[in-house]
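> The residues making up each chain are set out below.
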Amino acid sequence: MAGHSKTIKVDYLARVEGEGALHIDYDDSGVQKVQLKIFEPPRFFEALLRGRDYLEAPDITARICGICPVAYQMSAVHGMEDALGIKPSGALRELRRLLYCGEWIESHMLHISMLHAPDFLGYPNAVAMAKDHPEVVKNALEIKKAGNALVRLIGGREVHPINVRVGGFYKVPENRELTALAEQLETARDLAEQLVIWSSTLPFPNYEWRRDNHYEFVALKHPTEYPMNEGRITSSKGLDITARDYENYFEEEHLAHSTALHCTLKNRGAYLVGPIARFNLNRDKLSPRARQLAESLKVAAPCLNPFQSILVRSLEVLHAFEEALRIIGKYQKPEEPHLATKPKAASGCAATEAPRGLLYHRYDIDKNGKITVAKIVAPTSQNQKTIEDDLRLMLPSFMHFPEDKLRGLCERAIRNYDPCISCSTHFLQLHLNNGQGQSS
Amino acid sequence: MVPNQQPVASSKSLPKLAVWKFTSCDGCQLSLLDCEDELLSLADQLDIAYFMEASSEIQEGPFDISLVEGSITTPADKERILEVRRQSRVLICIGACATAGGIQALRNFADVEEFTRAVYAHPEYITTLKDSTPISAHVPVDFELQGCPINKNQLLEVISAFLHRRPPQVANHSVCMECKLRGNVCIWVAHGTPCMGPVTHAGCGAICPSYNRGCYACYGPKENSNTGSLCHWWLEKLNVENTLTIENLRNFNPLADAFKVESEVRERDGRT
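Protein chains in written order, with our numbering: chain E, 1009 to 1448; chain R, 14 to 285.
Incorrect hints may have been included.
Straight-line C-alpha distance at most 30 Å; calculated BS3-like pairs for lysine-lysine [to be verified]:
no., chain 1, residue 1, chain 2, residue 2
1, E, Lys1378, R, Lys143
2, R, Lys250, E, Lys1179
3, R, Lys193, E, Lys1341
4, E, Lys1293, E, Lys1350
5, E, Lys1153, R, Lys193
6, E, Lys1045, R, Lys91
7, E, Lys1375, R, Lys250
8, E, Lys1378, R, Lys250
9, E, Lys1045, E, Lys1245
10, R, Lys193, E, Lys1179
11, E, Lys1352, R, Lys250
12, E, Lys1045, R, Lys143
13, E, Lys1350, R, Lys250
Take a look, some chain R residues computed to stay more than 10 Å from chain E by CB distance [unchecked claim]:
no., residue
14, Leu53
15, Ala56
16, Glu96
17, Glu127
18, Ala131
19, Leu169
20, Ala184
21, Gly196
22, Ala203
23, Asn225
24, Arg281
Computed footprint of chain E on chain R; a stretch qualifies when at least three of its residues, placed anywhere within it, have a C-beta under 8 Å from a C-beta of chain E [said to hold, decoys possible]:
no., region
25, 68-76
26, 80-90
27, 112-120
28, 132-141
29, 265-275
In short, the hints are calculated from the structure, not lab data. Backbone N, C-alpha and C fix where the C-beta goes; we use that ideal spot for every residue, glycine too.
Assemble the whole structure, with the sequences as input and the hints as a guide.
See below:
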């Protein structure tokens, strides 16, 4: 597959944090153009991976994003294993799921409590929110801490774990180390359940502007599990392919207005990845407690209101705790921490579910195990066009708002997606152009 | 550009903290948000005046303490760091990108135009510098905290030290010392596993050897590290290929002097 990797996106999208700008062109007949500009400096991961050893891929790609390093590590090792024709199973597979549960919990909780919840209640940050809602913030930090404890035990540390290896792990935990965590996880799970109920009471804006313009939801689907590391790539409009077919169905475009590439479905256009897409395609695979809670709170699939992503994320946190406790309850330490790996000239692909959505990796390696081609498509680049579409559809009803209020609304709509740009909670420079070349 | 030593008065009568991001993965500033137990009490002692990752409340400078994450890779970055320096009484670099160029500094050993063509369909849309450089290449810095990512406990110690106007207690010995303190059996001596521990700055808690793998030097060089001797041992006694030795010097801290110089020596030797 080497040779046609020209339109490749790099890492920067994983953390489009920093500055972005929104350009809106409008005239009397309505909103004409919406451009979300993202100008995170390129870091060239796909280029600098070339020539590096295949065993380094999980360590290097982790550095694409400090907020979801496990997602990059999981996609990297699965991609390499696809190339080498090996497949860790049993306890090794379960441990990877357990590690991913930890990242879902801590990453979702960062977004829920520090970035998203203050939006709904009118605070600039979680610290200010804590003054009026101390229990909510303290409990959220407690839940996040349990996720971090899980990542630290399996991965070695919270940010950029060191224990993930092609074929498995460098070291696997003892049974007693996992059972020692169970009590903390159970307590945090109960707090997570309260969090779901609390988030269901938030004042969600309506979503009339999306009723006739449904998203195409894209997520992994697995026969028996809520998807994390494995599954077919499916969509709400009938797509059903393996990761190996990804590049036949999806394409990236490099537009002048953004250093972030736009990924679309060929001949179909924008689509949505992330918690709402996962939930809508896999609601029946949620853990019993999360599913029952979703039912009692009347959170139906498909969920079409992007402002409810905070509620769906909370449900996924609860699910991740239940899944983690299930895995710990059955865990038997494997005899070997990893399968034997021997490099050969080959190509491999993998897609996993990062907290923010589908993450695709492809690698070509040579007979000595040196990487010759790397391609990485992060969730944010896949959602970027949908984010622009959301703004384009939403804005006509709100153009009469004062600029501050309009900017706040746009930021909120974008933050629903937890693109890494959401890290900067006040990132938007708003440029309004009324068609006569005048900015207002 | 000598830092102004006068404390900055805050409207809240608390020292003002700013957190700045340049080219990076966000992991080091995330370490601050990972202080689940200390975050709220930290907020009682500091006025978090500018922290884009965590707050939409933005105060004007100047600031008492600026934490700077990331390396300089664009013309805009070069301008912005000057302004950050002007606004900051104390400027502390956090992490491998800010202190040693980060993984993106691998471009410094390659052709960035070729990198751009390899990654982008339209290289003409991309504005980037030929090199990725640490903050100290552009402005004076008051303290550098190494690590990819930094250790959050060390970060709290550094913030606390500057708040109380005392020197930070950040050990500058090697990972080997931490490994011994953990009671690990040496994986190099006992198993022949190549390990960067002897030349690598402490701070991670020797996690890699504790997880049965060699240290890969994500904390950068320790003070007075003898990288030449280490590489000699890797090559001669452990039969590690020269290219792998260079890769271990050039990953997350490629511009740290002790690593950069030795990697260039090894590259030259490999060609002769």
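> Now look at each hint and say whether the structure bears it out.
Status of each hint after checking the structure:
no.: 1; hint: E:Lys1378 / R:Lys143; result: holds, 25 Å
no.: 2; hint: R:Lys250 / E:Lys1179; result: holds, 25 Å
no.: 3; hint: R:Lys193 / E:Lys1341; result: holds, 26 Å
no.: 4; hint: E:Lys1293 / E:Lys1350; result: violated, 36 Å
no.: 5; hint: E:Lys1153 / R:Lys193; result: holds, 28 Å
no.: 6; hint: E:Lys1045 / R:Lys91; result: holds, 21 Å
no.: 7; hint: E:Lys1375 / R:Lys250; result: holds, 25 Å
no.: 8; hint: E:Lys1378 / R:Lys250; result: holds, 24 Å
no.: 9; hint: E:Lys1045 / E:Lys1245; result: holds, 29 Å
no.: 10; hint: R:Lys193 / E:Lys1179; result: holds, 19 Å
no.: 11; hint: E:Lys1352 / R:Lys250; result: holds, 27 Å
no.: 12; hint: E:Lys1045 / R:Lys143; result: holds, 23 Å
no.: 13; hint: E:Lys1350 / R:Lys250; result: holds, 23 Å
no.: 14; hint: Leu53; result: violated, 6 Å
no.: 15; hint: Ala56; result: violated, 4 Å
no.: 16; hint: Glu96; result: holds, 14 Å
no.: 17; hint: Glu127; result: violated, 8 Å
no.: 18; hint: Ala131; result: violated, 5 Å
no.: 19; hint: Leu169; result: holds, 15 Å
no.: 20; hint: Ala184; result: holds, 17 Å
no.: 21; hint: Gly196; result: holds, 15 Å
no.: 22; hint: Ala203; result: holds, 15 Å
no.: 23; hint: Asn225; result: violated, 5 Å
no.: 24; hint: Arg281; result: holds, 18 Å
no.: 25; hint: 68-76; result: holds (count 4)
no.: 26; hint: 80-90; result: holds (count 3)
no.: 27; hint: 112-120; result: holds (count 5)
no.: 28; hint: 132-141; result: holds (count 7)
no.: 29; hint: 265-275; result: violated (count 1)
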